[in-house]
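Here the protein sequences come in this chain order: A and B. Using the working numbering, the first residue of the first sequence is number 221, and each one after it goes up by one. Using the working numbering, the first residue of the second sequence is number -13, and each one after it goes up by one.
FYI, nobody ran anything at the bench for these hints, they're computed from the structure. Incorrect hints may have been included.
Claimed, not checked - Below 27 angstroms or equal to it, Euclidean Cα-Cα: the simulated DSSO-like pairs (lysine-lysine) are:
#  : chain 1 : residue 1 : chain 2 : residue 2
1  : B       : K43       : A       : K269
2  : A       : K289      : A       : K278
3  : B       : K55       : B       : K3
4  : A       : K321      : B       : K55
5  : A       : K289      : B       : K57
6  : A       : K288      : A       : K269
7  : B       : K43       : B       : K55
8  : B       : K51       : B       : K4
9  : A       : K321      : A       : K288
10 : A       : K321      : A       : K289
11 : A       : K321      : B       : K3
12 : B       : K3        : B       : K51
13 : B       : K57       : B       : K43
14 : A       : K278      : A       : K321
15 : B       : K57       : A       : K321
Said to hold, decoys possible - So these bits of chain A aren't anywhere near chain B, every CB distance computed over 12 angstroms:
#  : residue
16 : A237
17 : L267
18 : L268
19 : K278
20 : F283
21 : S293
22 : V313
23 : G327
24 : Q329
25 : V331
26 : T333
Said to hold, decoys possible - Computed from the model, here is a short list of chain A residues facing chain B with C-beta under 8 angstroms:
#  : residue
27 : Y245
28 : S247
29 : Y259
30 : P260
31 : L264
32 : L266
33 : A306
34 : F310
35 : L322
Quick caveat: nothing in here was measured; it's all calculated off a predicted structure. Cβ atoms here follow ideal geometry from the backbone N, Cα and C, with glycine treated the same way.
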Amino acid sequence: AQSVTQLGSHVSVSEGALVLLRCNYSSSVPPYLFWYVQYPNQGLQLLLKYTTGATLVKGINGFEAEFKKSETSFHLTKPSAHMSDAAEYFCAVSESDSWGKLQFGAGTQVVVTP
Amino acid sequence: EAQVTQNPRYLITVTGKKLTVTCSQNMNHEYMSWYRQDPGLGLRQIYYSMNVEVTDKGDVPEGYKVSRKEKRNFPLILESPSPNQTSLYFCASSLSGTATQAQHFGDGTRLSIL
């Protein structure tokens, strides 16, 4: 069975600074990995996903994530934070034999300060 | 516009009074799912449906029912709501439910059971 751990329930970053959100997973089979973002009073939107191929994945709004199998990690980064990046971010994993079943991490709330 | 629509967005009700949260998608997706979101726990799957008349339990199905009589609709039914079902609920859909597909989420329904 898969599981996801997001380190840090709250992260505060200054505008223009690097955003780094950590995600580690456990999976008994090759995983498929996702990052979703949730803005206030909205549903989740897909930021990016890794299925196969290139391990550095680029997503929307300048975010990217790197799949590191040896570290069982899929950390999310953005070089320069913008005020509009304030939101909650969720890492999720699915497995090839788990039709549609997403296992979510607990989420990381990002606050961006001027 | 492609979307997943949930109604109502907010509901305050009392213990034991049956309620239904509707979910409709206009993308002709086969797979639909219900999640609940609680602080510190991320999103947990309640029920999912691979297609019309095909439903199955997720991780936290107790106290909930679903039905899938039409492809576009997937209502969540709480026949005798209790305070521990106070939560934020999300409906999601994807094209066929395979593990590599991202899911599209509705804007959420906040339920308060008194």
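Next item on the list: Just double-check V313 (chain A) for me: nearest Cβ-Cβ distance to chain B has to come out over 12 angstroms.
Entry: violated, 9 angstroms
Notebook entry, point to check: Was Q329 (chain A) rightly flagged as not at the interface, with every chain B Cβ beyond 12 angstroms?
Noted result: Given a closest Cβ separation of 10 angstroms, the condition is violated.
Notebook entry, point to check: When you check the alpha-carbon spacing of K288 (chain A) and K269 (chain A), does it fall within 27 angstroms?
Noted result: Cα-Cα ~14 angstroms, so holds.
Next item on the list: For the pair supplied as a hint, K278 (chain A) and K321 (chain A), confirm whether the alpha-carbon distance does not exceed 27 angstroms.
Entry: holds, 23 angstroms
Next item on the list: Given the hint that K51 (chain B) pairs with K4 (chain B), test it: the Cα-Cα distance must not exceed 27 angstroms.
Entry: Since the Cα atoms of K51 (chain B) and K4 (chain B) sit roughly 11 angstroms apart, the hinted pair holds (cutoff 27 angstroms).
Item checked: 12 angstroms Cβ clearance of G327 (chain A) from chain B -> violated, 5 angstroms
Next item on the list: Would you check the hint for K289 (chain A) and K278 (chain A), treating anything up to 27 angstroms between C-alpha atoms as holding?
Entry: holds, 17 angstroms
Check: Does the claim that L268 (chain A) lies off the interface hold, with its Cβ farther than 12 angstroms from every Cβ of chain B?
Finding: violated, 9 angstroms
Next item on the list: Compare the distance between the alpha carbons of K289 (chain A) and K57 (chain B) with 27 angstroms, and conclude whether the hinted pair is satisfied.
Entry: violated, 37 angstroms
Checklist line | Proposed proximity, K288 (chain A) with K321 (chain A) (alpha carbon, max 27 angstroms) | finding: holds, 22 angstroms
Next item on the list: Just double-check T333 (chain A) for me: nearest Cβ-Cβ distance to chain B has to come out over 12 angstroms.
Entry: Correct as stated: the minimum Cβ-Cβ distance to chain B is 22 angstroms, above 12 angstroms.
Next item on the list: Under 8 angstroms, Cβ to Cβ, is where Y245 (chain A) needs to be relative to chain B, so tell me if that hint holds or is violated.
Entry: Result: violated, 13 angstroms to nearest chain B Cβ.
Hint check: violations occur at hints 5, 11, 17, 18, 22, 23, 24, 27, 28, 29, 30, 33; the rest are consistent with the structure.
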